[in-house]
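Trainee: Listed below, chain by chain, are the residues.
There are 2 protein chains.
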Amino acid sequence: MIDFKALFKISYGLYIVCSGNKTKGNGFVSNTVFQITSEPAQFAASCNKDNYTCDLISRSGNFSVSILHQEASSELIGKFGFRSGKDFNKLENTTVKYGQTGAPIVTDGSIAYLEFKVVEKIDLGSHILFIGELVNSQVLDEDKVPLTYAHYRDVKKGIAPKNAPTFIDKSKLEAKAETKSPDNYKCLACGYIYESDNEDIPFEDLPDDWTCPICGAEKEDFIKM
Amino acid sequence: MIDFKALFKISYGLYIVCSGNKTKGNGFVSNTVFQITSEPAQFAASCNKDNYTCDLISRSGNFSVSILHQEASSELIGKFGFRSGKDFNKLENTTVKYGQTGAPIVTDGSIAYLEFKVVEKIDLGSHILFIGELVNSQVLDEDKVPLTYAHYRDVKKGIAPKNAPTFIDKSKLEAKAETKSPDNYKCLACGYIYESDNEDIPFEDLPDDWTCPICGAEKEDFIKM
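Quick mapping for you: the protein sequence lines, in order, are chains A and B. For the first sequence, this note's numbering puts the final residue at 229, and the numbers step up evenly by one. For the second sequence, this note's numbering puts the final residue at 229, and the numbers step up evenly by one.
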């Protein structure tokens, strides 16, 4: 018997994984980055094949991992976690540096970063697991605390994007929230609140393709408050 | 340039990974277990080839993951993290159940467990990355908090075993501790303190093959307090 609640007890951090180069770069929010050997230092990162960044990693053979801290803004997480880079340049208006492999590295909201060259690629069906050898890393802020997925979920009230390996069925979250006022809706990606009373259209009547004005998350990524 | 301090910012949980069956079973403490796809639910676990459990997973094609909580005892972590199962039955005097694959599952100190059948095996040099498909899982305790590696390191003052992908050079820890009394030594595995003044032999003069009387950790796993 599988109890999916058991899966939520696994601990993860929260990262922005980027790839590409100065001309064409992109990134996405990931919680599945981890070290797998110490000599040499190799890491694994799981990436949904639907993510634009997945193509970029395959083509460029590099990726960077920015380790988010607890004060990383919801807008940053919303932008990289809930919008596709296929039709939108996520790196614009984000503080980015370029590593020795040429990969973009997000330094906004980040406590440290790691840069990898891909040494292996494992096809897992919906996702590709990239194995990277560490070529470059730096601590950006000694004092801040790394953002964990538990903190993101419990304190920042965030959810996993649909492409994440740890995507959570949202109906479980909605059931909890329904005791509060019926009119306002909160964006689970960035925290923006749509106050139906102060808008021309109640949230329920917004078109299905309406998106969050702050981070671009979809209407279905909002919950009733 | 590689700054290894950046690697310490990655967040991990702490787990006991077991494999085998009722006749021959073993387990080890791991921090590198993570979900890699959601449909089907597949996880990856990195295992040093020197670990006895690594052979057992290869042979039996199953493994279980017990998710430790914050109140898990240092003795439990010491026993599974710092002793080899080659010459010692770790499952004796531990609360264990057997899953549907036959794998032993440690329930002591655990908030939940997951059970897998191996679907892929990736050779990474020093380690093997096992990909498992989830076949069984259960929450054992709704109220406790999952133990994170950060908590283990910062609050419980634990270190990574030498076989772990995230093994930390201990000299960094010793430098910090040297301002305190010179005579007592603490076992980093279980917290046991060797008080040289109250023993016949000062810690420094103990033989190299001396081990912790509580958890069996080696002499070099102690730090000066």
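Treat the hints with care, as some may be off.
Repeated chains share a single entry, so a pair holds when one copy, or any two copies, can fit it.
[Claimed, not checked] Once the Cα atoms are required to be at most 30 Å apart in a straight line, the calculated DSSO-like pairs of lysine-lysine come out as:
| no. | residue 1 | residue 2 |
| --- | --- | --- |
| 1 | Lys228 | Lys148 |
| 2 | Lys160 | Lys125 |
| 3 | Lys190 | Lys28 |
| 4 | Lys53 | Lys161 |
| 5 | Lys121 | Lys223 |
| 6 | Lys9 | Lys26 |
| 7 | Lys26 | Lys121 |
Calculated directly from the structure, the hints in this document are not laboratory data. Note that the structure is a prediction, hence the values are computed from the model and not measured.
Trainee: Give a verdict on every hint.
Mentor: How the hints compare with the structure:
1. Taking the shortest Cα distances, Lys228 and Lys148 sit within 30 Å of each other only across copies (28 Å), while inside one copy they are farther apart (32 Å).
2. Taking the shortest alpha-carbon separations for Lys160 and Lys125, neither the intra-copy value of 33 Å nor the inter-copy value of 36 Å comes in at or below 30 Å.
3. When the C-alpha separation of Lys190 and Lys28 is checked against a cutoff of 30 Å, the pair qualifies neither within a copy, at 33 Å, nor between copies, at 52 Å.
4. For a Cα distance limit of 30 Å, the shortest separation of Lys53 from Lys161 inside one copy, 26 Å, qualifies, whereas the shortest one across copies, 40 Å, does not.
5. For a Cα distance limit of 30 Å, the shortest separation of Lys121 from Lys223 qualifies neither inside one copy, at 37 Å, nor across copies, at 38 Å.
6. Within a single copy, Lys9 and Lys26 get their C-alpha atoms only as close as 41 Å, which misses the 30 Å cut-off; across copies the closest is 27 Å, which meets it.
7. Taking identical chains as interchangeable, the C-alpha atoms of Lys26 and Lys121 lie at most 30 Å apart only when both belong to the same chain, with a minimum of 17 Å there against 42 Å between chains.
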